[in-house]
Every structure is written in C-alpha cells, then in structure tokens.
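Please build the complete structure, drawing on both the sequences and the hints.
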Amino acid sequence: MEHRPTVFLVDDDLAVRDALRLLMESVSLPVQAYATAQEFLDTYDPSLPGCLVLDVRLPGMSGLELQEELNARKIYLPVIIITGHGDVPMAVRAMKAGAFDFLEKPFNDQELLDRIHQAIRRDLRRREREAQRDLIAARVALLTPREREVLNMTVAGKTNQMIAEELHISRKTLDIHRSKIMEKMQAQGVADLIRLALLVEGADCCRRSSA
Amino acid sequence: MSGDFLPALINAPETTRPCPVRRPGPEDEPAAAERGDGLLRPSEQEFRLLVEGIDCVFWIISTDLDQVFYISPAYEKVWGRSCQSLYEQPRSWLEAVHPDDVRQVEEAIRAARQQRSANQGDLVYRILRSDGTLRWIRARAFLVPGEQGARDCFIGLAEDITDRKQMEEALRLKDRALECSATGIAFASPDGLLTYVNQSALRMWGYADSREMLGRPCAAFWHDPAKAARVSEQLRRHGSWTGELVARRKDGSCFPVELSANLVTDAAGEPVCMMASCIDVTARKQAEERLQHLQAQLAHVDRLATMGELASGLAHELNQPLTAIATYTRAAVRLLRAGTGDPGQLLQALEQAARQAERAGEVVHRLRRFVARAEPHRSLLDLNELVREALLLSEYDLRDGGVHVQLDLREPLPPVEGDRIQLEQVILNLIRNAVEAMADTPPGQRNLTIITGPTGQGTVEVAVCDAGCGLTVEMVQRLFQPFQTTKPQGMGLGLAISRSIIQAHGGWMWARPNPERGATFSFALPIAGGTSNHGAPADRLPR
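The listed protein sequences correspond, in order, to chains A and B.
The number in our numbering is simply the position in the first sequence, starting from 1, with 100 added.
The number in our numbering is simply the position in the second sequence, starting from 1, with 171 added.
Hints listed in this document are in silico derivations from the structure and should not be mistaken for laboratory results.
Hints may be right or wrong, so weigh each one.
Partial list, computed: chain A residues near chain B (C-beta under 8 Å) [stated by the list, open to error]:
#1 Ala115
#2 Asp118
#3 Leu120
#4 Leu122
#5 Arg157
#6 Gly160
#7 Ala172
#8 Asp201
#9 Leu203
#10 Lys205
#11 Asp209
Some residues of chain A that are not near chain B, with every Cβ distance over 12 Å (derived) [stated by the list, open to error]:
#12 Glu169
#13 Pro206
#14 Arg222
#15 Arg229
#16 Arg239
#17 Ala264
#18 Ile276
No experiment lies behind these values; they were computed from the predicted model shown.
Glycine included, C-beta positions come from ideal geometry on N, C-alpha and C.
Listed below in structure tokens is the structure:
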C-alpha cells in the first residue's frame with residue numbers, strides 16, 4: 101500500500117479538533133485536521149485514501165456545501181457528518197448527498213471509530229475496484245475495432261455462427277480474432293473474458309464500439 | 172320736601188319741556204319771574220341741575236300711574252324711549268319691564284299705594300328695550316301725599332345697574348368655577364396662612380368643612396413640612412413653583428400631588444396672596460407603576476422567547492466542550508490501556524478536558540443568568556460591558572450567520588443607571604435583529620459594527636449598524652410598533668419592547684437606513700447622576 105488511509109477532520113472548534121486528533125492517534129490512525137472546509141479543499145489530494153469527518157456548522161462554507169463541492173469534483177471520499185445540531189432535514193440532506201453516516205455530538209468514541217474503520221474499508225474497496233477497472237480498460241484499449249465488435253457480440257451472448265454470419269467473415273477468421281482478444285485481455289477462458297468485459301461495461305468498451 | 176315746592180314742580184312740565192336736557196339759563200328767569208315763584212326759583216334750578224346731571228332717572232308720577240309729572244332726561248338713555256312718549260302715555264315705561272318682572276313691579280306699586288307709604292326697599296327688575304337689549308334697573312320710590320286737593324304721587328329714582336350686575340355675574344361665575352373645579356385650589360396669605368380652599372381641595376385632604384383648614388399654615392398639609400417650607404420660599408423668591416409633593420390628609424394618610432403654585436401680586440407688584448392648584452396623581456402613579464410592572468413582565472416574556480430561539484444555539488455551545496471532554500478522556504483511557512501514551516500527552520489531554528469542563532460550566536452559568544427572573548434592579552452600569560456580554564450570548568448566532576463583528580467602544584464610558592438584565596436584553600435584541608437582517612447579504616459582507624460613546628449632551632449612545640436589507644421610510648414608521656415583523660418565527664415584539672425599556676430608563680431609541688447598505692439602530696441613555704436635559708426628574712426642587 102502506497103499511502104496509509106488517513107482520517108481527514110474538519111471542525112472549527114479547536115478543542116473538538118484537538119481531542120479528535122488525539123483519539124485517532126490513540127488508535128494509530130493517521131489524521132489531518134482542518135478548521136475550515138476551504139482549507140481542506142485547498143490541500144486535499146484525491147488520490148489519498150481514508151475518510152472525512154466533517155462538522156456541519158462551519159464558518160464560511162458549511163459542511164453540506166463542502167459535501168456538494170466534493171460531489172461536483174467527483175471526489176468520493178466517504179463522509180461522516182458530526183453535528184451538535186442534529187435536525188432531521190439536515191440529516192436527510194446529508195444522507196441524500198451521499199454521506200456515509202451522521203453522528204450527533206457528543207458521540208461515543210467507539211461508535212465513531214467503528215464508523216471510521218467501516219468508511220475507510222469502503223474507500224479502499226472502491227479504490228481497488230477502480231484500479232482494476234482502469235487495468236481492464238487499458239487492455240480493452242489494445243483491441244482493434246473488429247476485435248471490439250467480436251467481444252461485444254460475445255458478451256451479448258451470440259453464437260460463433262451468428263457472429264461469423266453477421267460480420268461476413270469465415271469461422272477461421274473469427275477464431276483468429278478470438279484468440280487475439282483472449283491474449284490481449286489476459287482471459288482464462290470465455291467465461292473469464294465475459295466477467296472482465298462486464299467489469300468495464302458501461303464505462304468503456306460497449307459505448308465506444310457502438311460510437 | 173315742602174308742600175309749596177311740589178305743586179310748582181309738578182306743574183313745571185306744563186310750561187317747560189324738560190326734555191331734551193336743558194340747563195336752566197338766564198333766559199328762563201323772566202318766565203319764572205312772571206309766575207311769581209321767585210322764592211322757589213333757585214331751589215328748582217338747583218333741583219334741575221341735580222336731577223338732570225346724574226345718570227339716574229328721576230321721576231314724579233301720580234300713584235294711579237295715569238299722569239307723569241316729571242321725568243328726567245336720563246330716561247331716554249336708560250329706557251331707550253323719549254320723555255315725550257312717556258308724558259303722552261304715562262304707563263308706557265311699564266310696558267318695557269321684562270314680562271317675568273312685571274308682576275313684581277305691579278305688586279310693589281300696589282303695596283305702596285295701599286300702605287300710602289314708600290316701598291320698603293329697593294326694587295330690582297329688568298327692562299327690555301326696543302333695540303332688544305336687556306337692562307337691569309334698581310328703583311326706589313316714595314309716596315308723597317297730595318296737599319290742598321293735589322293728587323298723591325310717587326317720586327322716585329331708577330338706576331341702570333346692568334354693568335354692575337354683569338360684573339357681579341362674572342365674578343359669581345368665577346367663584347363658582349373655582350369652587351367646583353376638579354383641581355384642588357387654595358389661597359394663602361403672603362405669610363402662608365390658608366385663606367381659601369375649594370371643594371376639591373377639601374375632598375382631597377379629607378376635610379368636611381373648610382373652617383377646619385382655613386387660618387392654618389400651608390405647611391401643615393404636607394408630608395414633609397420642611398420641604399413645603401422650601402417650596403414656599405421658592406414661591407416668594409421666584410413667583411412660581413411646579414412639581415410633585417406628598418400631601419397629608421386629615422387622617423394622616425399620604426397621597427402624591429402635582430402642585431402648581433404662584434404668587435398673586437397687586438398693581439404695585441406687592442404680594443397679595445399665594446395661589447396653589449393641586450391634582451391628586453395617585454391614580455396616574457398607580458397606572459405608571461402598573462405599566463412599569465407590565466413592561467417588566469413583557470420584557471421577561473420577550474427574554475423567554477429569545478431564550479427559546481437561542482436554546483438550540485446554546486445547546487450547540489454546550490455540545491462542543493462536552494464532545495471535547497468525552498473525546499479527550501476516551502483517548503486518554505485508550506492510550507493508558509495500550510500503554511503507548513507518553514505522560515506529557517496524557518497530562519495535556521486531561522488538562523484540556525478539565526478546561527473544556529470549565530467552558531461548559533461558563534455556558535451554563537451564562538444561560539442561568541440570562542433566564543434569571545430578577546426583579547428590576549437599578550444599578551450603575553457600563554454599557555460596554557453589556558455589549559460584550561450580549562455578544563457572548565449571541566456568539567453562536569453570529570458564527571452560524573457568518574457575521575463579522577467590529578467594535579468601536581469608547582473607553583472609559585460614563586456609567587448609566589438601569590436594570591442590567593433589561594438593558595442587556597435590548598442590546599441582544601438589536602444584535603439578533605442585525606444578524607437576521609443580514610441573512611440575504613453575501614457571506615463576506617455580513618459586517619456588524621457596534622459603536623458606543625458619550626454624545627456630549629449628557630447621554631451615552633449605543634449604535635448597532637448592520638449591512639442588511641436596510642429600511643424603507645414606511646418601515647421606519649412602523650418599526651417600533653408591536654407585532655410588526657418580517658420574520659416568519661418572530662412575534663414582532665422585540666423592538667417594541669426594547670424601545671419601551673429604553674424609554675422607561677429615561678432614554679430613547681431610533682433607527683435609520685445607512686447611506687450605503689443596511690440600517691443603524693441606536694439608543695441613548697442619560698449619564699448616571701448627570702444633568703441631562705432629557706430626563707424627567709419627578710422633583711424639581713432647587714438644589
């Protein structure tokens with residue numbers, strides 16, 4: 101792992117910020133603390149894994165506004181909202197905006213740490229999925245237009261005969277395309293090929309081939 | 172009056188026309204001499220000079236009223252009819268008598284005739300002149316028996332007393348007005364002894380008869396005779412005095428009086444008497460007290476309402492230190508359990524936790540002081556201190572609203588006298604009003620400026636300037652009326668109550684739009700112990 105998952109903390113109250121930092125340190129979690137939402141936005145590197153513990157009421161940009169800004173920037177860091185002011189409309193808004201959880205101050209430390217660990221795990225899984233998808237997308241990029249057509253029709257469940265007839269090619273030529281595809285995609289068989297293709301489906305190969 | 176004189180006199184109209192008034196001159200003498208009345212002539216002349224020179228009407232008339240022997244020229248002036256008309260119609264004078272008085276006049280004449288003597292006293296009656304004016308007449312007559320076959324006659328005087336009557340009437344009216352006035356009125360001699368009290372004054376002081384009061388020194392009727400003496404002294408020296416005094420009733424009970432007294436002088440400027448008018452202000456005082464009580468209650472209600480609105484903010488204020496305490500101590504426990512924490516780190520965590528506990532305690536303390544149902548209590552106050560305290564209470568609102576506060580507080584500020592809680596509430600209301608007004612102002616421009624300073628006119632001013640939506644002329648007019656609000660949650664009482672609190676402290680409050688953006692709400696209060704022109708001291712005794 102290149103970077104240890106970090107807890108990013110935004111709270112304008114110095115004491116709360118300091119206490120939370122100590123709590124993270126007591127369980128050996130790396131922590132970065134900020135007093136304002138802007139400060140965090142200005143310094144955060146989206147490639148860093150972890151989660152964001154965010155106070156709702158902040159001077160300047162509020163917690164909910166930061167959440168919206170992160171969504172707009174396609175930063176999917178899990179957000180745990182902490183608030184001393186847990187009214188229902190605010191909780192609904194936070195959850196709709198994709199918050200991982202919503203905790204009311206003062207909270208139980210174990211509960212917060214549990215949620216932080218869960219959030220970090222989810223972030224790591226997401227990043228892993230994305231890394232894999234990027235890898236497969238890179239393999240798909242190696243295919244020729246014809247090979248992509250063949251792959252798409254295979255994923256769509258068409259038989260070899262149907263594909264050969266539709267593309268007006270011989271079975272032999274089809275076999276050559278197929279073996280090239282298997283090689284480039286590093287697939288262990290047709291079933292594996294379809295699994296890999298489906299991982300990036302929607303994101304890349306199908307749309308690009310129909311364009 | 173001799174018997175010789177009378178017939179000559181009675182016959183006079185047959186030879187001379189007495190009207191219009193004519194002064195007997197030398198040309199009369201030959202005529203009189205021809206009649207051989209030389210003895211009487213000087214007397215008649217003197218008589219004519221007398222009766223025709225006075226304003227009274229002199230007349231001689233037969234007792235049956237059928238013949239006028241003589242009527243003096245004044246008749247024309249008083250009755251408005253010619254003397255000639257009376258000679259021709261001897262009863263015509265009676266026609267002029269006011270219908271209501273005719274009976275009385277005829278009765279008097281009949282009585283005099285029957286008794287063959289003069290009527291007993293003056294007869295007062297009214298006549299209506301042909302020009303419509305009314306005249307008051309006082310008449311006196313004597314019956315003169317006719318001698319040597321001559322007829323009995325009345326001889327008399329009639330005087331026009333209309334002016335005197337009117338004056339008397341006006342005086343009587345004034346007298347009645349004084350007596351019946353709802354204001355207690357009293358006169359005293361220059362040396363301070365009571366000479367007159369009207370009904371109201373009697374009633375106010377609880378006496379049944381004015382004789383119980385008259386002749387006694389004025390000072391005896393006041394709660395503090397020394398103070399009353401000072402008022403009298405002031406009155407003698409400056410001619411007038413106005414103010415409030417506590418009066419003492421007959422039964423010893425006291426009541427507040429608004430007294431306005433002045434010295435009455437004669438034409439030479441010498442004091443003739445002292446006059447005082449008194450109004451019992453018990454009811455007004457009670458109403459004022461009730462109003463003050465009500466206002467205090469209202470202020471408390473406003474405070475509770477504010478409290479409710481501030482509650483969520485204060486809960487947050489409490490949550491912050493509580494969260495910090497819980498987290499510090501939990502972290503410390505974890506470090507201890509794991510055996511990984513160094514003592515310095517643990518010590519710092521615990522110290523921080525303790526400090527946060529104190530912070531929470533301060534919030535609770537502030538909260539309790541804020542809701543305390545304290546009776547209005549006046550003390551010397553530093554408005555700067557109240558501004559800072561109100562800002563602490565509004566801290567959450569200000570932070571939540573993204574408001575930047577700027578202070579321009581003059582130090583040291585002269586103290587004002589007032590109720591700490593109420594005045595703090597006013598400042599709090601103004602701050603909250605400013606924050607709410609700036610809800611739609613772009614975040615970077617939400618500036619709140621609070622300025623304090625002496626005005627140079629015996630007052631201290633506090634101004635709260637916002638950069639909010641401002642004020643229209645219409646809004647300024649209705650701003651301080653109750654239930655005027657643009658806020659969905661508010662009752663619209665805050666500003667109305669604030670203003671009534673400031674007024675109860677002898678000050679005033681106003682608002683105006685700022686030249687660039689927003690509005691400024693200000694109030695001014697008299698400096699404690701100062702000589703403000705605007706205060707309303709109840710007692711204006713000289714110092």
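For each hint, the structure was consulted:
no.	hint	verdict
1	Ala115	4 Å, holds
2	Asp118	7 Å, holds
3	Leu120	6 Å, holds
4	Leu122	4 Å, holds
5	Arg157	6 Å, holds
6	Gly160	7 Å, holds
7	Ala172	19 Å, violated
8	Asp201	16 Å, violated
9	Leu203	10 Å, violated
10	Lys205	4 Å, holds
11	Asp209	4 Å, holds
12	Glu169	15 Å, holds
13	Pro206	4 Å, violated
14	Arg222	23 Å, holds
15	Arg229	33 Å, holds
16	Arg239	46 Å, holds
17	Ala264	66 Å, holds
18	Ile276	63 Å, holds
Hints 7, 8, 9, 13 from the list above are not met by this structure, while the remaining hints are.
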